[in-house]
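Listed below, chain by chain, are the residues.
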Amino acid sequence: MHIIEFIFSPLLALLIGVFFLGLARKVMARIQWRYGPPVMQPLIDIIRLLSQKSASHGVAFNIGLVMSLAGSLVITLFLPFGKIAPMSNSGGMLVILYLMLIGPLGMAISSGESANPNASIGISRKLLLAMGYELPFLLVVLALMKAYNTTSITEIVSLQRDTGWSMFTFPLVLSGIAYLLILPAMLGVRPFEVVNAPQEISSGPLVEYGGPYLALATLQHALALFIGISLFVNLMWGGAANPVIFFLKMLVVFFLGIFVNAVFPRLRIDQAIRYLWRWPSLIAFAGLILVCVTGS
Amino acid sequence: MTGMEILLLVAFGGVMLTYILGRISSSLRNTFAVVLSLVLVVIIALMYDKTGETIFYRGFFGIPMVLRINSLSWIFAMTISFIGCLSVIFSLDYMKVKERTSFFYAMLLLVNSSMMGIVLAGDLLTLFIFWEIMSWSTFLLISYNGGPAIAAGMKYIVMSFAGSMAMLAGIISIFTAFGTLQISEIAAGMSSASSGFKIFIVIVFGIAFGVKNAIWPFHAWLPQAHAEAPSPFSAVLSGVLIKMGVFGFILTMYVVVGLGTYMSLGGAIFSVRSILLVMGAITILVPTFVALLQDDAKKLLAWSTIAQAGYIMLGIAYGTSLSMAGGVLHFLSHVVFKSLLFMTVGAVEFRTGGIRDLNSLGGLIKKMPFAFTGTLIGVCGLIGVPLTNGFVSKWLIYKSLIFGSPLLTFVALFGTWGTVLYSYKLIHNIFLGQLPEKLKDVENTPLSMKLPMIILSFTVLLFGILPGLPLRVINKIVVSLGFDSLNISLWGIVSESGMLNMINLFAAILAGLIAVWLFLRIGARTIPVKQDDNYAAGAAVPRDRYNYTVKFYDPLLRMISPYLRDIFDTFYMKIADLTGYLSNGIRKIYTGYVGNYVMYIVLFISLMIFVQMKWSPW
Amino acid sequence: MDRNQLKKWFQNPVKMAHKYSLHVVYFCTGCGIIEIPPSITARWDAERFGIIPVATPRQASLFIIAGYVSLKTLRSIIRTYEQMPEPKFTVSLGSCPINGGMYHDSYNTIKHLEKYIPVDGMIAGCMPRPEAIFVGVTHLWTLIDKDMADGYKRYRSNYSAYRANQEKILGKLEWPPLFPIHGEE
Amino acid sequence: MVNPVLLIAVPLGLAFMVPLIDSASRKLTRFVPVAALLFNLILCIRLIPAVLENPIVINLGGFTPPFGINLFVGPLGLLFAGLISLAGLVVSIYSLSYIKNGPVVKYHMLYMLLLTGATGVVLTGDLFNLFVFFEILCISSYALVAYHGDRAGIESSIKYLIQGTVGSGLLLIGIGFIYGIFGTLNMADIAMKIATVEQSTLFVPMILMVAGLGVESAIFPLNAWLPDAHSSAPSSISAILSGIAIEVGLYAVARIVFTVFGISDIYLFFAFLGILTLLIGEMCAFAQSNIKRMLAYSSIGQIGLILFALALATNNTVTGGLFQLVNHTFSKGLLFLSAGYMIYRSGSMEISSLNGMGKRMPLTSLAFTVGAFSLVGLPPFAGFPGKFLIVSGALLKGEMVINILVGLVLLSTVIEGTYFFRVIQALYFKDGNGEQRKQAPATAVTAMIALMILIVALGVYPKFLADFLSSASSDLLDKMSYVGSVLK
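Residue numbers (this note's numbering), protein chains in the order written: chain A, 56 to 351; chain B, 217 to 834; chain C, 3 to 187; chain D, 77 to 564.
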């Protein structure tokens with residue numbers, strides 16, 4: 056049972072992530088009054104990419120990407136999907152926070168090695184954006200951990216079963232709002248899509264990726280999407296005991312993100328940081344203070 | 217004669233011998249220095265798990281001077297000798313092109329020996345004497361390069377000297393209060409002292425150790441000193457030397473003042489503990505962002521050293537067994553990865569002919585893969601990526617802080633993101649991107665530099681995957697300082713609110729890596745290309761201009777740099793200026809006109825007569 | 003998807019993926035580019051066939067040269083083509099790349115694109131309408147199905163000749179040859 | 077048992093023999109001071125055990141003390157006498173090669189007279205005798221300051237002369253008052269009778285004497301001659317002036333204040349005066365760019381520190397003060413001696429002209445470094461134990477005022493460290509003008525090495541001197557035993 060979970064949950068995450076990517080394209084197309092590609096289109100792309108002979112820029116170019124995807128895969132072992140969380144005993148939220156570093160860092164190493172300034176610009180934006188949303192995000196997470204008095208994400212989920220969704224319980228309301236405000240940035244959707252801006256910096260970090268590398272990068276993107284949404288659902292919307300319900304919750308969050316993506320133009324990176332560090336941070340800070348004052 | 221006396225004898229004797237041998241033959245000296253430092257490592261390793269005290273000298277007015285060893289001293293001594301040894305090995309090639317190498321080696325060994333003296337000291341007098349020897353020998357080494365190093369050395373020695381004078385005041389007040397300087401006896405006397413006295417002691421020692429440990433606001437000397445010192449010594453400086461401040465803090469707060477007293481010292485909000493914690497947090501936050509502004513590789517690392525000192529400070533000042541273990545472990549981690557980073561940057565500096573400017577490097581991964589790997593591992597440790605030692609220690613610190621003071625935890629966690637930013641800047645601007653034309657002929661890292669890098673990289677990963685190895689020793693320290701014992705296994709730790717299992721994580725990440733690698737292998741073969749074969753909107757890659765390094769995080773920096781002025785550095789410089797100005801004014805008393813001088817004599821007499829007439833004190 | 007399609011997917015997924023995931027890098031210095039936006043936006047919606055524009059040649063599998071090619075742009079076209087990962091396909095738009103079109107007597111445009119890089123499909127017209135582009139793409143699908151879209155293979159095997167042609171008109175190229183050149187040295 | 081009178085008589089006699097010896101053999105002249113001071117040194121060392129047991133009182137001419145002049149060789153006097161002969165010996169060895177041009181004969185003669193005067197001051201038990209020896213000391217030093225015969229030397233010599241004469245005059249008037257009041261000049265006798273007179277009566281003579289001696293001992297407002305004189309004298313003489321002359325002056329002040337008058341109310345005032353001298357000296361030194369002036373101001377600072385330590389008048393602080401005094405003699409001597417040759421090589425006294433000296437004259441630079449470290453009080457050199465004792469003694473008094481003053485002492489140490497480290501950096505780490513490496517002559521190097529060994533030995537094993545110093549300090553503080561041993 057346990058072994059199966061170990062293999063099952065990363066695969067499930069990949070599948071859902073890729074499905075979300077496809078769904079995103081389809082939904083965006085429908086919003087734009089188009090027919091849109093088939094939902095399986097990302098899968099087709101990945102198969103095609105895997106068969107292409109790409110140029111490699113060196114060892115770190117490969118290793119960084121592998122590291123990035125592997126790091127993201129490991130996170131999925133820690134995140135409860137419904138009740139499936141095979142490694143939740145080996146460390147809690149803190150480990151997840153740090154594992155979330157591996158993904159961007161590996162990507163950064165890899166695309167840095169590609170020796171293209173567009174990639175460097177993209178990475179610098181990516182790290183800055185992460186810095187931007189990490190400030191309110193950390194405040195939110197700390198408020199949660201303080202409120203539930205635990206660092207284990209499974210416990211946070213199970214405690215929400217008694218108290219209701221943390222987003223709608225009293226001291227955590229503000230944190231929930233802040234989280235919702237930064238969610239588009241965490242998912243990397245449109246108002247905060249400066250990193251991969253294809254028209255501006257030739258898709259940024261991905262500029263030199265082709266063939267299998269781009270396939271890995273796509274999978275990494277899919278996983279990032281999955282992790283972002285799953286984290287939100289687990290922390291704020293009470294997770295779920297049942298994988299299906301969990302998936303449905305994820306779908307709702309996902310649609311929220313897509314709608315935001317569809318209607319907003321792109322912010323400049325400094326505008327993005329300024330936004331993220333102003334209202335969401337203030338609200339999250341107030342939330343943390345609220346938790347500290349009212350909490351046990 | 218105990219092991220400690222032999223150790224110090226060997227260490228200090230070796231210093232002299234090294235210098236003398238340097239006069240005869242440089243290769244002989246190098247061999248001797250390496251052998252000596254290895255011998256020191258072995259001697260200290262043999263002292264594992266011993267405790268004891270010996271009086272080794274009574275020549276100082278009959279005050280007994282004591283050496284003592286316990287688990288705390290042992291782990292510090294081990295680190296010092298280990299890093300000292302590696303830095304000597306690293307110097308072999310680095311110093312080949314420099315002048316006055318005998319002086320350098322002798323001073324390097326002297327610094328190491330005096331640091332060993334500090335950690336083995338069983339009384340405050342011995343501590344102070346070795347402390348001062350360390351201070352001035354460090355001063356000589358920092359100034360070694362001349363040029364900008366002169367100002368750096370000056371700043372260091374003045375601040376450090378001010379710190380030691382504060383410490384001297386503290387030591388002597390203890391001496392006058394209790395009539396003894398032996399640490400074990402002071403601890404007994406301290407418990408009955410008034411709390412004002414305790415606070416005084418904590419403040420003066422805090423200044424001394426804070427300066428050495430570069431805690432905000434005493435950090436002003438560090439960036440320049442680290443940047444201008446020779447790189448092998450920068451490794452020692454950043455790795456172990458400033459950690460003498462950590463040692464001092466532990467000694468003051470938990471041994472001299474005592475755990476129970478420390479936790480309740482001072483008023484509610486202005487308690488010593490909370491002030492130290494806040495200082496630690498500021499030390500994390502501000503220098504992390506200042507590091508982002510730096511364009512000099514070693515200066516960047518220097519600011520990061522300050523920031524990491526803040527983490528250690530948070531750990532040891534919080535005062536639970538978990539945080540204490542985290543603080544000491546982070547000290548150990550920081551020693552390893554920061555020495556590694558200084559060494560790799562030093563290797564780059566050595567091979568590129570002294571370039572430290574991040575804007576003019578790039579693409580060196582092709583030329584110096586070893587240095588890149590070392591930097592990558594070091595940077596991962598610095599950030600605290602899982603499977604490196606930095607992760608475990610930071611995890612311990614967060615874990616202990618998280619429920620007690622979420623705001624401090626927030627600062628520490630947020631500092632990590634700053635760390636990611638400047639670490640990536642470091643590694644990207646040196647090793648990634650396009651290789652400039654002028655660096656086409658850079659050679660690979662020499663063997664004497666590779667060896668320490670390999671050992672240190674290995675240590676980073678080993679302590680990251682099997683944190684139980686250092687934690688077992690640290691647990692002994694924690695228990696000896698009066699805390700509860702921790703529940704430690706080889707691969708992690710079980711605390712009351714969660715556990716850490718690094719071996720599982722290691723297995724998972726390894727499996728993930730293998731799986732992804734296999735997946736990548738399924739795909740089509742990849743073709744290695746040169747850096748010139750690169751997307752430039754269809755054009756051929758322009759030579760020497762196709763790189764993005766200058767103003768790497770410009771949007772952020774433009775936002776934050778107005779807030780990052782180093783007020784305290786300015787403040788200290790203002791004080792220095794003021795002193796100079798004042799001195800110049802006072803100098804004018806001596807006008808050079810003899811009539812005035814005779815007038816002074818008359819005035820002196822008349823003043824005394826006036827005083828006598830008015831108040832008649834005599 | 004009809005049954006035939008499904009069978010094909012099982013028989014040769016790679017080929018099918020190549021057909022239905024054409025990531026395009028547009029070379030848009032010619033007048034044909036004005037026809038591209040309608041083809042990828044809501045009116046004709048190329049994405050339903052998996053055709054999307056990408057930013058760099060590294061990510062692409064289809065190269066569309068939209069219009070006349072001047073000497074200056076030829077240099078970039080060659081560079082871009084060489085940077086695309088194999089297998090890769092080329093489609094040219096309009097008459098000019100075929101035979102010079104209305105610029106047949108210009109000193110500054112090339113007349114036959116296929117002399118410099120292999121072209122798998124040519125869509126004639128001045129300019130071709132978006133429908134014609136889709137016709138061209140369907141034609142490319144058939145070629146891929148029949149393994150006849152083998153321009154990249156031809157480029158590889160005849161590289162010496164291509165390179166000679168390129169250097170004849172452009173002078174010495176700034177980048178080294180992609181494949182070993184026979185007949186020299 | 078040897079007669080301590082020889083300590084004065086031998087150098088005095090030999091001083092006047094110098095011209096005779098010179099006419100006999102030119103080469104021999106230079107060795108006369110060496111021989112005389114070596115003799116003195118050996119004599120001092122032989123006297124130590126006896127003196128530690130009981131102070132030796134010699135009645136000159138066979139008159140018993142209240143009437144005749146007596147020499148009092150207590151531990152303190154012997155300490156000073158030993159210090160004078162030791163420092164004098166080292167400097168005379170240094171002078172063997174350093175003094176080559178100019179009036180060599182007069183130099184050696186005056187040099188020995190200076191040391192004779194100094195020895196006399198510390199050994200005598202009679203106020204007027206003290207004045208006479210003081211005059212010997214001062215007059216010979218006026219002349220020696222102008223040794224080079226250049227404009228600066230003569231100018232500062234004249235300044236020194238004027239101030240010194242004013243001081244001597246004041247001293248003489250003070251002594252006259254005392255004689256008028258008590259009818260005796262014997263210090264022990266006066267000390268015994270001092271309680272019989274009302275304190276306010278004593279005020280005027282005391283002030284006059286303190287001011288007179290204060291000029292020579294460089295207490296703050298009275299020390300204006302010092303920087304000029306020290307910087308324009310030959311370095312060997314600067315070493316003696318700084319290491320011996322002003323300290324002998326300080327001895328005289330201490331002896332008169334502690335033993336003769338013994339008014340404890342004034343001690344705190346002297347402590348303040350000491351701190352003021354210390355701060356002003358150190359700050360002036362901080363602002364200097366001329367190395368010899370810097371060293372001279374630093375001497376003022378050190379004198380202030382020693383004065384502070386003595387003024388606290390506990391056994392610990394006085395021991396510490398005396399330790400610091402010994403350290404100052406050695407370190408400042410070493411600094412002046414090494415600076416002398418560095419200036420000789422570079423031809424300028426500016427600190428910037430010493431850049432890169434560490435490469436050109438390694439041993440001399442090392443000597444300077446050791447001296448500087450020791451003066452600043454860094455372990456393991458001799459300055460640290462002294463500072464340790466002073467501070468611990470001062471803190472042991474447990475008074476708030478004193479504690480604040482101790483804080484100022486530590487602050488001034490930081491300032492002192494700053495300017496010394498600045499010079500050390502210039503010596504070693506700044507690029508010089510790439511001259512060839514050339515050491516100082518062997519005799520000079522011998523002298524410097526001897527002082528370095530002394531400094532390190534004292535720093536590593538301070539206990540060596542501690543017992544002797546502690547009996548010296550009780551000699552200074554214990555008025556009754558002084559009186560008793562003289563007037564037995």
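Hints were generated in silico from the structure; no laboratory data involved. Every residue, glycine too, gets a C-beta built ideally from N, C-alpha and C. Hints should not be assumed to be uniformly reliable.
What follows is a set of in silico ranges between Cβ atoms, one per label pair, in the way DEER data are often shown [to be verified]:
hint, chain 1, residue 1, chain 2, residue 2, range
1, C, I36, A, F314, 19 to 25 Å
2, C, R156, A, L70, 38 to 44 Å
3, C, I36, A, F310, 53 to 59 Å
4, B, G570, A, L70, 49 to 55 Å
Anything over 12 Å on all C-beta distances counts as not near chain D; from chain B, calculated [what the hints assert, rightly or not]:
hint, residue
5, T267
6, L667
7, I719
Do the hints match the structure? See the list:
1. C:I36 / A:F314: 19 to 25 Å: violated (32 Å)
2. C:R156 / A:L70: 38 to 44 Å: At roughly 39 Å between Cβ atoms, L70 of chain A and R156 of chain C fall inside 38 to 44 Å, so the hint holds.
3. C:I36 / A:F310: 53 to 59 Å: violated (35 Å)
4. B:G570 / A:L70: 49 to 55 Å: The hint (49 to 55 Å, Cβ to Cβ) holds, given that G570 of chain B and L70 of chain A are roughly 53 Å apart.
5. T267: Check passes; 27 Å lies beyond 12 Å.
6. L667: holds (30 Å)
7. I719: holds (48 Å)
In terms of the numbered hints stated before, the structure departs from hints 1 and 3, listed from lowest to highest.
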